[in-house]
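If you read the sequences in order, they're chains A and B. My numbering puts the first residue of the first sequence at 1, with every later residue one more than the last. My numbering puts the first residue of the second sequence at 1001, with every later residue one more than the last.
Source of the hints: derived by calculation from the structure; they are not laboratory data. You may find that some hints are simply not true.
[Unchecked claim] Not everything, but these chain B residues come out facing chain A in the computed CB check (under 7 Å):
| # | residue |
| --- | --- |
| 1 | D1066 |
| 2 | F1071 |
| 3 | G1083 |
| 4 | F1086 |
| 5 | V1171 |
| 6 | L1194 |
| 7 | Y1201 |
| 8 | L1202 |
| 9 | L1205 |
[Claimed, not checked] Stretch-level coverage of chain A by chain B, calculated; a stretch enters the list once three of its residues show a Cβ under 8 Å from a Cβ in chain B:
| # | stretch |
| --- | --- |
| 10 | 30-42 |
| 11 | 185-198 |
All figures in this text were calculated on a predicted structure; none of them were measured in a lab. C-beta: ideal position from N, C-alpha, C; glycine also.
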Amino acid sequence: MEIFFDREALALAWPAVRSGIAVTLQLALASIAAGVALGFALAVARALGGRWLRFATPAIVAYADAFRAIPPLVLLVVIYFAAPFAGLELSGFLASFAALVLVLGASAEEIFWAGITAVDRGQWEAALSTGLSRRTTLFRVILPQAVLLTVPPLTNRAIATGKNTALASVVAVPEVLNQATSIQAQTASPAPLLLAAGVYVALFLPLVRIGRWLETRAPTGGPAPAEGPP
Amino acid sequence: MSELFETFLNPAVMGESAGLLLRGLVVTVELSLLVVPAGLALGACVAVAQALAPPWLERVVSLGVDLVRAFPPLVLLVLVVHGLPFAGIELPALVGVAVALTLNTASYYGEILRAGIAGVSAGQWEAARSSGLGTTSILRFVILPQGVRKVLPDLVGNTLEAVKLTALASVVALPDLLRMARIAQGVHFNPSPLILAAALYLALLWPLARFVRRLGASKAAPDFARSRR
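With the sequences and hints as input, model every part of the structure.
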């Protein structure tokens, strides 16, 4: 038991892990903000259609499918290790940011699109018939209703993105997991790993609980809640 | 242009590393065939336990599920593979990876199946019970078939996630597709094997992603876009 809570190793690990928390949070928040923005922009482009954007739709759908199909770690490794051959030297942080944004953007686009299509068709017809333009209809009538539906699934994807920041340890970004494994290698003790595990639980358990709560409150998300066995 | 082609899609390098990558692909598929059924089975156990347990126990189980979900899968993997040996438990790498990934994916399968079971109306339980079926039979013949159908798109979606997760195995030196691609890239000092590996992952998983989209689309609201031509 003692080896798991080795005080010396913990004392050595804590400052490193603490600095890792800052990196994890920066990477998570930046990726989530940019990824959600990317997904939103693509879904809006797809919904606006029009003369030019109509041709973009197949490309957006292909992007969403491809980046939901590829494992995030594979994408990260390709970006980080292949980009330099094209003369593009990305830091581990930037490569991780790019990979996380591309992955989150794909699911966020699908979530926003699903939200937009879930709004009753009559809303479009009514708004367009009052003379509103398609853009005004989308932004003033449809999106305010659609965005509400997207909150629970977006929360879950955002949490997944936050957890995926641990992948950055593979490309030597000094985030929580990376710090813990390097101190673990120095001290030959599992205590730093357990410390990191504790940090992740402290960061994400509340968020997972909130995500679950949002899901059960969702107006249309998933099956109707709780009609269990009598 | 041809220089880019030589760098990223070098036919000679791809040809030489194809054998290595295919061996990796086999490991990736094997690992998926271990993790998906095991995760589904464990998830089903959790979901059924939650359906039958008293409310307080259900809350304890759901907290446990959330605890597993709070770990990034890679952290869980590193804990199992590098942490357990300190407790005197030496697992072969493949088993350690399979255990960690199964735990992670089971927490999602369990949650999906729980929602599916909860979505079956109480009348189904009562009707089955009044026809004299025992609890096991009710679950097996009445509740689960309906519950699973309700959440099928989510189950398939999580299967896609589970297969994607197997790429993490490369981090702990299991010779899966990604790991083999990294080795081949190092040997040839050329990124073509990475591109080839990404293409193999896409070939494996894109059809599944399309399938998820089709399943999801069938239950979505009628497409408003058609009325806006």
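Taking the hints in turn, this is what the structure says about them:
At a threshold of 7 Å, the smallest CB-CB gap from D1066 of chain B to chain A is about 5 Å, leaving the interface hint in force. Checking F1071 of chain B against chain A: minimum C-beta separation of about 6 Å stays under 7 Å; hint holds. With a cut of 7 Å, the hint placing G1083 of chain B at the interface with chain A holds, because the nearest CB-to-CB distance is about 5 Å. Taking 7 Å as the C-beta contact cut-off toward chain A, the hint placing F1086 of chain B at the interface holds, the least distance being around 4 Å.
Taking 7 Å as the C-beta cut-off, the interface hint given for V1171 of chain B holds, the closest approach to chain A being about 6 Å. The criterion of a C-beta within 7 Å of any C-beta in chain A is met by L1194 of chain B, whose closest approach is roughly 5 Å, and the hint holds. At its closest, the beta carbon of Y1201 of chain B sits 5 Å from a beta carbon of chain A; the interface hint therefore holds under the 7 Å criterion. Among the interface hints, the one on L1202 of chain B holds; its C-beta lies about 6 Å from the nearest C-beta in chain A, closer than the 7 Å criterion.
For L1205 of chain B, the shortest C-beta to C-beta distance to chain A is roughly 4 Å, which falls under 7 Å, so the interface hint holds. Given as covered by chain B, the stretch 30-42 of chain A fails the check, having 0 residues with a CB less than 8 Å from a CB of that chain where 3 are the minimum. Requiring three or more residues with a Cβ within less than 8 Å of a Cβ of chain B, the coverage given for the stretch 185-198 of chain A holds, as 6 such residues are present.
Checked against the numbered hints listed earlier, the structure breaks hint 10 alone; every other hint is satisfied.
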